[in-house]
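Protein sequence lines, in the order shown, are assigned to chains Y and H. Per our numbering, the first sequence starts with residue 9, numbered consecutively. Per our numbering, the second sequence starts with residue 14, numbered consecutively.
I should point out that these hints are in silico values taken from the structure, not numbers from a laboratory. No false leads were mixed into what you were given.
Distance condition first, Cα-Cα at most 25 Å in a straight line; then the derived PhoX-like pairs of lysine-lysine: (1) H:K244 x H:K224; (2) H:K248 x H:K19; (3) H:K375 x Y:K101; (4) Y:K104 x H:K373; (5) H:K134 x Y:K146; (6) Y:K105 x H:K369.
This one's a predicted model, so the numbers in the text were calculated from it and none came from an experiment.
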Amino acid sequence: MSGEGTENVAGGGNRMRILAFCCNWCSYAGADLAGVSRLQYPTDVRVIRVMCSGRIEPPLMVRPFELGADGVLVMGCHPGDCHYIGGNYQAEKNHKKASELLGMLGVGSERLRLEWVSAAEGPKFADVMRNFVENIRKMGPLGKTPAEGEGR
Amino acid sequence: MTKNEKLAGVIQKTGAFNCVECGKCTSLCPITRVNPDFAPRLMVVKAQAGNVDDILGSKDLWQCLTCGRCSQKCPYKVKYNDFVRALREMGREGGTVPGCSEGGLLRSAARLMARGDLPQKRLGWVGNDLKTAQKGDVLLFTGCAPYLSVIFGEKDPDVLNAPRAAVSILNKLGIVPVVGNGERCCGHDEYWTGDTETFGKLARLNIEWIKSTGASTVIVTCPECFRTLLKEYKKVDPSFDVDVLHISEFLADKLEDGKLQFNKEVKETITYHDGCRMGRHIGVIDEPRMLLEKVPGLKLVEMEASGEDTSCCGVSAFSGCDTFSKDIQVERLKEAKATGATAVLMFCPKCRIHFKCALKGKLSCAKEDVDVRIADFLEILDRAL
Numbered sequence: 009m010s011g012e013g014t015e016n017v018a019g020g021g022n023r024m025r026i027l028a029f030c031c032n033w034c035s036y037a038g039a040d041l042a043g044v045s046r047l048q049y050p051t052d053v054r055v056i057r058v059m060c061s062g063r064i065e066p067p068l069m070v071r072p073f074e075l076g077a078d079g080v081l082v083m084g085c086h087p088g089d090c091h092y093i094g095g096n097y098q099a100e101k102n103h104k105k106a107s108e109l110l111g112m113l114g115v116g117s118e119r120l121r122l123e124w125v126s127a128a129e130g131p132k133f134a135d136v137m138r139n140f141v142e143n144i145r146k147m148g149p150l151g152k153t154p155a156e157g158e159g160r
Numbered sequence: 014m015t016k017n018e019k020l021a022g023v024i025q026k027t028g029a030f031n032c033v034e035c036g037k038c039t040s041l042c043p044i045t046r047v048n049p050d051f052a053p054r055l056m057v058v059k060a061q062a063g064n065v066d067d068i069l070g071s072k073d074l075w076q077c078l079t080c081g082r083c084s085q086k087c088p089y090k091v092k093y094n095d096f097v098r099a100l101r102e103m104g105r106e107g108g109t110v111p112g113c114s115e116g117g118l119l120r121s122a123a124r125l126m127a128r129g130d131l132p133q134k135r136l137g138w139v140g141n142d143l144k145t146a147q148k149g150d151v152l153l154f155t156g157c158a159p160y161l162s163v164i165f166g167e168k169d170p171d172v173l174n175a176p177r178a179a180v181s182i183l184n185k186l187g188i189v190p191v192v193g194n195g196e197r198c199c200g201h202d203e204y205w206t207g208d209t210e211t212f213g214k215l216a217r218l219n220i221e222w223i224k225s226t227g228a229s230t231v232i233v234t235c236p237e238c239f240r241t242l243l244k245e246y247k248k249v250d251p252s253f254d255v256d257v258l259h260i261s262e263f264l265a266d267k268l269e270d271g272k273l274q275f276n277k278e279v280k281e282t283i284t285y286h287d288g289c290r291m292g293r294h295i296g297v298i299d300e301p302r303m304l305l306e307k308v309p310g311l312k313l314v315e316m317e318a319s320g321e322d323t324s325c326c327g328v329s330a331f332s333g334c335d336t337f338s339k340d341i342q343v344e345r346l347k348e349a350k351a352t353g354a355t356a357v358l359m360f361c362p363k364c365r366i367h368f369k370c371a372l373k374g375k376l377s378c379a380k381e382d383v384d385v386r387i388a389d390f391l392e393i394l395d396r397a398l
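Chain Y extracted, bound-state conformation (with noise of 0.2 Å):
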């Protein structure tokens, strides 16, 4: 992750490390309307395409901590919508799962975030990217803060 090198403007150099996975059908066509529109959004957000959020068990939504992530977003059809008709609803299991554990690990149930977004909202998806890191800038990087020149 380290090593890119582009120093992010709005945050100030605050640069965090968030994960957003997006499900091919709704949230990811979301992102590419918020594009197209030419919506501003921080760029601390590394975009995931998978094919429906239900994809995304436990084990993917903790992961990502151990392994230098400051926040995981996941972002699904709204309920009902889903192109697999429940993927979101297990979506919404895992979630519950993953938070519960996060919050007793110490990492903190906020730093996870489930979302709804469909094709037709990219204004909500540059809305949920905005909020989502300011929230996450505001608790700071994981744990402590490591050594300057670590690649934020």
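The hints should help you fit chain H onto chain Y, whose structure is shown.
Same frame as chain Y, now just chain H:
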């Protein structure tokens, strides 16, 4: 050091050099019984022949349950567990990892705990009726129970009953045990899957925490934690000199002193599953039985494989679960059912989860052959107090 030199060292150190290929290990191995392709003897033979890559790249490396059945009967005392563990360590260096069940969630949790800079909130299970302290003479090591209850809640909703019962029993004896957020995973699974680095970190953090509470006695409920704290922590830090006792040893002592008496009747016929860590690795066999005998109304019937000859629950360190594990679990449950008992008691939360999981899945036999209640040992004791 090359891989072959390392392997030669492992063979020397663990006595695998002495193997005469008699095959007792293979004939006793619980895995071989259900999976004829797996053979502990073959692994040793391959090692002696110097086929490093063959061993380290094979799935067999992670199949061993480290139950210790083979070493127990080995006429030349080959330390097979240490042998496999050292090979796993080498395997990890070369990039092979176990196929963790549950997506490795528990491993991730342990590695996050090993960071040491995240303040845990693991005491949600301590209700108002339980008295615990932050500092004191007696410390209760509860193990991964809070985490297991989140991860495996659907399979076994009662995981937390064990630590609750343990605190309740100690309270009834007038002891307020230290239970704290500073406790971390004991590192048992990391140790046995060759992740020595994480294990070392966890052990040092736990030792530091135990020292900071001022405790001189550490009471452990989980057999895996018990084995790890008792046998492995001193190797990490020689200054770790507190008394590590299994709760059954501690209570059996109180029984002899006359401080512990069971007054309430528990009318049930039960059997007791020792588990490999308690029964074979350490050999705490009589104490749990002494306690059960003193409970009025309780009748203990033994399974065929018990005590130091106990059988394994089929999964070790969550390093994989397959049809072979299920076969072993169903066999064990059949054995328990055949005794005529209505419940099978055990200390190990992981054994309990594995057995309950086997009962929930598709069974390879009739339901009534394995239909036995899987219960926690301490829960029954607490009911009798």
